[in-house]
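Let's have the full structure, built from the sequences with the hints guiding it.
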Amino acid sequence: MPEEQGNQENQEKKWFQALKLEAGRAFLDLHFIEQELSKEKTNTAEIKQKVAELRGHIEELLAQSKENTKEMFENTQRMLAAARETIMTLRAEVDKLTIPPKNWGTFLGTNQEGQPIVFTSGSKRTVNLSPHIELTSLRKGQEVELNEALNIVSVASFDLQGEVARLKDILDENRLVITLRADEERVVEIADSLKGEKFSVGDILRLDPRSDIVLEKLPKAEISELLLEKVPDVTFKSIGGLSDQIEILIEAIEYPALYPQHFKSHKLKPTKGILLYGPPGCGKTLLAKAVANRLAQKFKEQTGDDKIEAYFLNVKGPELLNKFVGETERKLREIFQRAKEKASEGNPVIVFFDELDSLLRTRGSGISSDVESTIVPQFLAELDGVETLKDVIVIGASNRQDLIDPAVLRPGRFDIRIKVGRPSEDGAREIFAVYITQDLPWGNDSNGNPYIGQK
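According to this note's numbering, the sequence shown holds residues 22 to 476 in order.
What the hints contain is simulated information worked out from the structure, not anything from laboratory work.
Mixed in with the good hints, there may be bad ones.
[Said to hold, decoys possible] Ranges of calculated distance between the beta carbons of each label pair, as one might list FRET restraints:
id : residue 1 : residue 2 : range
1  : Trp463    : Asp265    : 30 to 38 Å
2  : Leu192    : Leu307    : 41 to 49 Å
3  : Asn335    : Phe453    : 23 to 31 Å
4  : Val198    : Glu268    : 48 to 56 Å
Note that this is a predicted model, so its numbers are computed, not measured.
Where is the CB? At the ideal position from N, CA and C, for every residue including glycine.
As structure tokens, then:
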């Protein structure tokens, strides 16, 4: 029993020691675990901090990504819009290039059914009219645009080009006879834009050769070069030393023009032309201009119309001469025709031929040529027709009246010949009185007195 009790105590001690050992181990393990847990807590805090930092960085990246995405989206939208616009432009250009060509034609009028007739591709065609175009808006000679079916789709203005032609005859209010190159004659129609225009033989016209329609009345450039001008303020008061010549001019020109009824009742014929002859530079052209100006003033006083103007047609004889046969005669006809047109408006016209001897030289006096044989008769024919005119006075000037054809100087043509010579002593004083006036800057003589007023 005691042995068993002792063994039991020994076993209990061993067990207790073993238990104590196990408890120590457990305590060590617990301490290790506590240390590990402490480390884990520290690591967890670090991890949480790192996670928070990562979360903030991720949010920054997301915000930046959103901004970049928005900017990229806007750039993409702009690029797409630009590409879309470029595509539309290219498509429009492609459409233009693929549109079939349109024809142009000239409107000629309508047929009996009221359908438009146009001239295109060298022939006349009856076409249809677009619904948005009024037929009444079309004018003869106007250009029109035709589609591929040759129907009028738009209306343009009148053509600005064409051939230059000369009017030979007037058939009626719609048709004219014209001459082209090489004296080719053609009957043409008048464009609607020229309806009501006054035509006369010799007019320069612009023709559409495709449709034979006259589109424009051109100015006569050749005659315009001859200076048909309104007379400047030249009066007899500004001419000195020619009082006798002025008196003759007034009697010969002014009286018949202002009092035609008295000449008619006394069966007197007014003069057709006046010849001023004498040395150059003595005032022949100045006299002619002063006559035109005085006539205009007298006409205004007599009629009370302030719109009356005097015209001075200054023709230099050598400028009319032309190397082509018949050209000088044609220019003469146009000169007198233009004078008639201005006179028909109630304006006095002076036709002044300077250097008349170069133009109307005695027939048969030429050595190498005799162009005067046709120029002189043409001039005489126009001069003889002046008697039917009103307010047209022909004045010639020459330094060598002895070279002029006698038929020009005979009575009934250049009825009056006035010599404009060099001034006499009294005439020189009159000329000085015109140009030397008191408003000039006068000097003083040796005594200090002004020269003005001294003889």
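Comparing the hints with the structure gives:
At about 31 Å, the CB distance of Trp463 to Asp265 agrees with the hint of 30 to 38 Å. Roughly 46 Å separates the CB atoms of Leu192 and Leu307, a value that falls within the hinted 41 to 49 Å. For Asn335 paired with Phe453, a C-beta distance near 27 Å keeps the hint of 23 to 31 Å intact. Distance hint check: the CB atoms of Val198 and Glu268 are about 49 Å apart, consistent with the given range 48 to 56 Å.
Figure legend: structure checked against the earlier numbered hints; every hint is met.
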